[in-house]
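**Q** Spelled out from the first residue to the last, the chains are:
There are 2 protein chains.
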Amino acid sequence: MLVVGFGCAGGSAAYEAATSGADVLVLERASGPGGASALSGGEVYLGGGTALQEACGFTDTPEQMKAFLMEALGPDCDEAKVTAYCEGSVEHYDWLVARGIPFTASVWDAPTWVPPTEDGLMWLGEAAYPFPDRAVPVPRGHRPTVKDFGGWLLMDKLKEAATAAGARTQTDTVAERLIVDGDRVVGVVARQFGEPVTIRARKAVVLTTGGFVDDDEMLRQHAPQLVGHEKVSCGGEDGSGIRMAQAVGAAVRHMSAGQVAITLIPGMAARGMVVNGQGQRFINEDCYPGRIGQAALFRQGLDCWVVLDEKGYEEVPENERWGVRPHFVAGTVEELEAEIGIPTGALQKTVELYNAHAANGEDPLFHKRTRFLRPLEAPYAAIDPKRCFRGPTDPPGSGAAVFTLGGLQTDLDGHVLDLDGRPIPGLYAAGRSTSGLASWGYVSGTSLGDGTYFGRRAGRAAAGSPIEWDARSSSAAPGA
Amino acid sequence: MLVVGFGCAGGSAAYEAATSGADVLVLERASGPGGASALSGGEVYLGGGTALQEACGFTDTPEQMKAFLMEALGPDCDEAKVTAYCEGSVEHYDWLVARGIPFTASVWDAPTWVPPTEDGLMWLGEAAYPFPDRAVPVPRGHRPTVKDFGGWLLMDKLKEAATAAGARTQTDTVAERLIVDGDRVVGVVARQFGEPVTIRARKAVVLTTGGFVDDDEMLRQHAPQLVGHEKVSCGGEDGSGIRMAQAVGAAVRHMSAGQVAITLIPGMAARGMVVNGQGQRFINEDCYPGRIGQAALFRQGLDCWVVLDEKGYEEVPENERWGVRPHFVAGTVEELEAEIGIPTGALQKTVELYNAHAANGEDPLFHKRTRFLRPLEAPYAAIDPKRCFRGPTDPPGSGAAVFTLGGLQTDLDGHVLDLDGRPIPGLYAAGRSTSGLASWGYVSGTSLGDGTYFGRRAGRAAAGSPIEWDARSSSAAPGA
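These protein sequences, in sequence, are chains A and B. Quick note on numbering: the first sequence equals residues 990 to 1469 in this note's numbering. Quick note on numbering: the second sequence equals residues 990 to 1469 in this note's numbering.
Take the hints with a grain of salt, since some may be wrong.
Given that identical chains are not distinguished, each listed pair holds provided it fits within a single copy or across any two copies.
Said to hold, decoys possible - Calculated lysine to any residue pairs in the SDA-like style (CA-CA distance at most 25 angstroms, straight line):
| hint | residue 1 | residue 2 |
| --- | --- | --- |
| 1 | K1136 | G1217 |
| 2 | K1220 | D1409 |
| 3 | K1192 | A1040 |
| 4 | K1375 | Q1289 |
Just so you know, the hints here were simulated from the structure itself, not pulled from any lab data. These figures come from a predicted structure and were not determined experimentally.
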């Protein structure tokens, strides 16, 4: 069996396939496994009552988790995938632990991209508007025990597990097209150090090649709003797997969707406000920061500022500031407004309204939690996301880093579906090359979660022995 | 030669192909020609110095027209198509006139969807921010001489022209899939009164089957934000042509894009303001109303109101009101805000700021033109787009009517391109089944303009005799 790409989906597929007795070869274009997964924060979005949640004192159910994800990842995300993922989540956590991935039983409870601690559980917006109305808020971000970014540890363990199970890896090998015999995918044509090689797959090909953020022409075709920003990628997310599969008839979904990491410090935003170029707030600033990012890019064209007061800035612990300091400071809102080029009076009106409501502990416009609400007071500061994380002599950035969420249409067992919804014989896919749990929305950890969980299922199904807990779905799915 | 679908693109393709000597059969699923084109307003977006523009005293150039369209239809629209369209626009206007379509040499100059007059030329946002900075503003909406909706007249004339040129039409016939011989498309399998029929195309198949707004599953896959709204359609825009072509390897572009007709009266919006559920303005209300619609749906989730004063309402001529009356009226902004459920103080701040700027004849937030700027004064009114055009006992609508803009990737001569950008032999497409001039933005008249212009080119190319003025491009394009 051939797996194309050794990120988290490929590693999980390879492990499960090898464990179930298949002869597995993983092709990786880079000189070693890892992919974008290894560069990620390492959070896996899990819940439904995992051992880690229980150890931290939280009660969760698959139903509550599903209610949250259907709202956070929508509109109109794949309910079958979300349901299966939530129902399988406790088992999947145990599987990750059994692969040697450590999780520390403590909670990080502050708005952030990646905590600067080893806390194993983190909130990802579950307690922020509008979600508490939909589902009982509990934290579900599960983090390997690493300070800062933990993706590398997750990938180390998956690589060890897959290798120990017998999967072989061939690096520096880029798959270029699928080989079809009749209507069945039977192998790939790849390139290794410039030379073409043809590799036959006896059972199936599993595509785990990642998204397409590195291919500007594909972005222009499908997601023009993502063009021109920093790319969250390992450099090889060129959509090749998606295009290879489309060339043999595969359907795609939600190709215009994208995650947007706006370059602001979540703790500063939550304590102040995020305003657009007209000085208007547009979201509850205490939510999952990727939600601010999507709103800022897709609704405001990234024309935005973080405005807060000195008191709020000082409240953000040093290790959560990532070195970001105010770009503008002023004794009055009027002065700050003029300094940053917001039309006269606009920011003043916004702050007046915000302060009047905050004095009553309420935010009737955007429903920020009381915990982060108080009237702002002089002196004030503004932070420009275009300049965050830039050196003093660097030109401004775009203010955002993005990756794609759309991709191949697959069923629960990773069969790649054609335009009529029928599985393409011999072809499977998982991870960012597929349209997974998310349609338009996003939450950290759903990429690694989707990739590892559906990677496992695809690996098992491709090897001819679907995982037991998917008996219900696989009995309904046509064989391939 | 087979043309599939008799809307404006199909009619134009059939005429040109028949005129150049091909034996042309048009298949139409309905009981007569027309499609969505016949139900449309009838505007064709044309310019560059047409005879109608000159008769009305306007000077235009292809370069100015291109500068406008690249901004209005972007980001990142197909520059080759826009360039060709602008360069060919004067000739294309003459071609429409020669087909018997009358245009009256007078100008309609007020924000509207469709003028209630026979004026032949109308503004479509060219003079509203941000466009005057990009291109000298001139009107380019060319309307057949009809009061209100004129699409039926355009289609009557195209039908006459195609028939007189020798094209035959077979109605009540739905194409279901393409027949391929080797790598060449050679016909279609269709259904007529429930019976399958196979029709061979000696030269080529031209798909002019419209968009996919009537297929909710395709909307969910590609454009989930368009689900659940009224559909601007003839009822047969089910994406079948797009899917048939994809099944033989065609690539698609911009499948998530959509035009959004928000159900407000442009003249009322321009004289007042459009605010979201937080009482915030979000656009210059004097722009092309489809631009308000896209902003309202994609940026505000259609949570919005038109707020104006009695004076502004009375200024809108009776025949531009379409029967819409205020849904709420109040003596103060505070009362109006409470009545429509905007958080206390939010609309008041917005009106205070708007009035302060308007008193100086300026709108530094959104740049509405001075012509539509003055401080609002009591009494005030609010109009709910969810209730416009509804009877008193009807439930509220969604507030918008939509259609899709994405589709097959084609070159200037209508060759349908595969995933590697190569023409699929024997297959052409034009109109809403393709991704045409627009990527994400939209302007009225670019659908009929794109459909008729690129329909003509596809018809000529499919018949083996590309139109003369496309010598430059067709010499570069591979033959099919």
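**Q** Next step is simple, just say for each hint if it's right about the structure.
**A** Do the hints match the structure? See the list:
Neither within a single protomer nor between protomers do K1136 and G1217 lie at most 25 angstroms apart by alpha-carbon distance, with minima of 31 angstroms and 45 angstroms respectively. Proximity of K1220 and D1409 under a CA criterion of 25 angstroms is satisfied inter-copy only: 24 angstroms between copies versus 33 angstroms inside one chain copy. In this homomeric assembly, K1192 and A1040 never come within 25 angstroms of each other (Cα to Cα): the closest approach is 36 angstroms inside a single copy and 66 angstroms across copies. Taking the shortest alpha-carbon separations for K1375 and Q1289, both the intra-copy value of 14 angstroms and the inter-copy value of 24 angstroms come in at or below 25 angstroms.
Figure legend: structure checked against the earlier numbered hints; hints not met, in rising order: 1, 3.
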